[in-house]
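2 protein chains.
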Amino acid sequence: MMKKIRQTWVLENPVYVEAAAIVAGPQEREGPVGSYLDHSFKNLYCGETTWEKAERALMKEAVDRSLKKAGRQTEDIDMFAAGDLLNQTVTSNYTARDYPWPYMGLYSACATSMQSVALLTLLVHSGIIKRGLSAVSSHYGAAERQFRNPVEHVRQKPSTAMKTVTGAGAVILSDSPAEIAVGSVTIGKAVDWDMKDPLDMGQAMAPAAYETFRRHLEDTGRSEKDYDLILTGDLSMFGSRQFLELCEEDGLFITDKYLDGGNTIFGYHPSGCAGGSGAACSALVTYGYVFHKMRSAHWKKVLCIATGALFNPLTVRQKETIPCIAHAVEFIRVEETAGG
Amino acid sequence: MMKKIRQTWVLENPVYVEAAAIVAGPQEREGPVGSYLDHSFKNLYCGETTWEKAERALMKEAVDRSLKKAGRQTEDIDMFAAGDLLNQTVTSNYTARDYPWPYMGLYSACATSMQSVALLTLLVHSGIIKRGLSAVSSHYGAAERQFRNPVEHVRQKPSTAMKTVTGAGAVILSDSPAEIAVGSVTIGKAVDWDMKDPLDMGQAMAPAAYETFRRHLEDTGRSEKDYDLILTGDLSMFGSRQFLELCEEDGLFITDKYLDGGNTIFGYHPSGCAGGSGAACSALVTYGYVFHKMRSAHWKKVLCIATGALFNPLTVRQKETIPCIAHAVEFIRVEETAGG
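Keeping their order, the protein sequence lines are chains A and B.
For any residue, its number in my numbering is found by taking its place in the first sequence, counting from 1, and adding 7.
For any residue, its number in my numbering is found by taking its place in the second sequence, counting from 1, and adding 7.
Worth flagging that the hints you see were computed from the coordinates, not collected in a lab.
Everything numeric in this text was worked out from a predicted model, so none of it was measured.
Where a beta carbon is used, it is the ideal one built from N, C-alpha and C, also for glycine.
Treat the hints with care, since some could be wrong.
What the hints assert, rightly or not - Listing some non-contacts, in silico: residues in chain B with all C-beta distances to chain A over 12 Å: (1) P33; (2) S47; (3) D85; (4) P109; (5) K164; (6) S166; (7) T193; (8) D204; (9) K264; (10) A304; (11) L317; (12) E327.
Stated by the list, open to error - Derived DSS-like pairs: lysine-lysine, alpha-carbon spacing no greater than 25 Å straight-line: (13) K60/B / K137/A; (14) K326/A / K11/B; (15) K11/B / K76/A; (16) K11/A / K76/B; (17) K76/B / K75/A; (18) K76/B / K137/A; (19) K11/A / K137/B; (20) K75/B / K11/A.
As the list claims (entries may be wrong) - Pairwise CB distance ranges (calculated): (21) G134/A / D201/B: 33 to 39 Å; (22) R155/A / R152/B: 19 to 25 Å; (23) H299/A / T262/B: 40 to 46 Å; (24) K137/A / K307/B: 29 to 35 Å.
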């Protein structure tokens with residue numbers, strides 16, 4: 008029997024969430040996560056002339072606001088880890104040039120949020136860096152014309168199609184005590200359950216979320232009861248149902264403590280789509296809504312499983328199946344200790 | 008004055024290069040690096056039906072051969088860190104699904120080779136993983152049609168244009184002693200010196216190589232004399248000259264110990280191009296030629312500075328300048344010790 012390869016690292020000393028900031032476009036502001044936004048732009052242009060520049064404006068705004076909320080200067084950050092959905096991750100690259108930080112460019116599609124948090128957490132935990140800043144972004148207009156068709160085509164989409172979230176999230180991780188900490192991280196592997204439909208990414212990604220969740224529990228020796236909330240990134244209505252079914256077949260009943268970022272971001276039944284998607288989706292819901300609920304002691308222990316579909320439009324035209332990945336981060340509310 | 012942000016990590020205990028493997032296409036085999044290849048394909052198809060599948064065949068071949076050379080099984084690898092130039096790094100994603108490894112998808116264009124080596128080195132050094140496998144790839148046909156124009160257009164290119172290397176390199180890093188070790192790593196930051204020409208990437212990337220080289224020396228307190236070889240990734244004839252000039256303006260005279268991967272891969276004056284480029288370029292020259300020379304004790308200490316241009320075709324059409332990055336890894340030949 009093959010040796011099981013470790014995917015989870017449980018931290019001996021917590022790594023803390025010093026601050027997080029989220030910014031978004033107008034439709035996200037109207038949704039239930041809207042009240043947790045640090046800033047929202049009135050329209051998709053975000054004061055710029057192209058969708059691509061608009062996405063950069065979102066990321067830069069999130070980065071700067073996270074620094075301000077943490078009370079940190081540029082030089083307090085030791086590493087920048089970022090990624091986005093645009094070809095060659097240009098949003099992150101063009102944002103990185105505005106800062107003097109060693110830059111770790113990452114890509115795992117919509118799972119990049121938790122990939123970057125996991126990586127910076129491990130680096131802080133090891134003492135390699137003292138403080139790292141993670142950022143992710145996505146933009147409806149930029150993603151739509153790159154991955155699908157010009158919006159002006161007014162193509163009809165199937166009911167399983169998701170809508171790319173316009174927004175960005177930034178989070179600062181460090182060893183300075185704060186209210187929320189990272190307890191453990193699980194790095195996903197690429198899984199492929201033979202799904203081929205790029206307009207049903209939720210059901211393509213659900214198996215990856217399930218496999219990472221199961222491995223997280225196996226590696227930590229915990230049960231689903233140890234968490235107050237299990238959050239998946241952007242599985243949509245269809246993928247969420249499939250995720251819950253896969254869990255139930257395995258004896259994991261989590262319906263009463265489960266949320267999907269994509270189902271949450273616009274409200275449950277947004278205009279003709281099965282939920283939100285995009286690298287910003289899990290970031291907005293986690294850093295906004297979930298962290299707020301944790302700070303107010305509603306939830307103490309949350310597992311955020313961000314999910315990504317690792318295809319591109321050419322692999323779809325070449326009739327390939329869609330590999331997917333999910334990275335999980337356990338966030339814990341730090342209890343006040345005597346003398347603390 | 009702003010605090011200087013650390014970019015270099017000098018290892019207290021070395022991390023070793025257990026094995027490396029390189030595979031390539033026919034033109035690379037004809038060049039001076041050809042005799043160090045572990046395998047070469049007779050034509051660009053590499054036994055597949057599309058350029059994109061061919062690139063995957065290259066990466067998979069390099070990964071499998073590196074495992075075999077190290078005498079390792081799949082389950083001995085604790086993490087896979089990979090990246091490539093295709094949109095959404097699909098070569099790496101589709102390769103990752105064939106292995107049961109936690110997957111860290113990376114992107115820093117042609118600097119991804121040393122980005123992944125640097126990252127895995129830090130993770131091994133910290134004890135987070137015991138053994139990591141890095142892979143990068145590029146393919147002339149796949150890159151040409153994605154970044155430029157269909158080859159069938161037979162467009163003339165300026166003399167500064169580079170040719171994408173068809174190949175892949177894989178390297179296994181661990182704490183098991185071997186002949187070559189990593190001594191230090193320098194993570195680059197995104198720099199932008201206002202270059203706009205995507206057909207002169209060498210001169211766009213030269214400042215990034217220079218800045219990373221200078222920071223490496225500053226951070227380590229060393230001089231250029233401490234190295235037997237300074238290797239840049241793929242600066243081309245033009246970028247190499249600019250890199251040397253920038254160094255000389257700074258009092259760093261390295262002409263007698265300097266090599267550029269792009270100038271080396273096809274021979275100094277290949278058919279109508281200024282040198283090789285692509286994520287595989289620095290990997291092939293480093294893991295093939297440089298490691299061979301280190302094993303035969305010709306060089307003892309080499310600094311490999313991989314360089315990447317962080318643009319995409321849309322940012323060029325939108326008249327943006329090209330941010331670039333360079334990541335450096337110091338490789339050292341491990342001397343035999345008494346009793347060792």
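Sort out whether K76/A lies within 25 Å of K11/B, counting only the CA atoms.
holds (22 Å)
Verify this label for me: S166/B is non-interface relative to chain A, using a Cβ-Cβ cutoff of 12 Å.
holds (25 Å)
Claimed clearance of chain A by K264/B, with the beta carbon kept past 12 Å:
holds (26 Å)
Assuming the hint says 19 to 25 Å, is it satisfied by the Cβ distance from R155/A to R152/B or not?
holds (20 Å)
Would the pair K76/B and K137/A pass a check requiring their Cα atoms to be no farther apart than 25 Å?
Answer violated: K76/B to K137/A is near 37 Å, above 25 Å.
Decide, holds or violated, for the assertion that all CB atoms of chain A are farther than 12 Å from the CB of D204/B.
Given a closest Cβ separation of 17 Å, the condition holds.
Over 12 Å to the closest beta carbon of chain A is the bar; see if E327/B clears it.
violated (7 Å)
Given the hint that K11/A pairs with K76/B, does the C-alpha gap stay at or below 25 Å?
The hint holds at about 22 Å.
So if I understand the rule, the pair passes when the alpha-carbon distance is 25 Å or less; does K326/A with K11/B pass?
violated (49 Å)
Mind checking the alpha carbons of K75/B and K11/A for me, to see if they're no more than 25 Å apart?
Holds, at roughly 20 Å.
Mind verifying the non-interface call on S47/B? Its CB should be farther than 12 Å from each CB in chain A.
holds (25 Å)
Using the beta carbons of G134/A and D201/B, state whether their distance is inside 33 to 39 Å or not.
Check passed, 37 Å falls within 33 to 39 Å.
This entry does not satisfy hints 3, 4, 7, 11, 12, 13, 14, 17, 18 and 23, going by the numbered hints stated previously.
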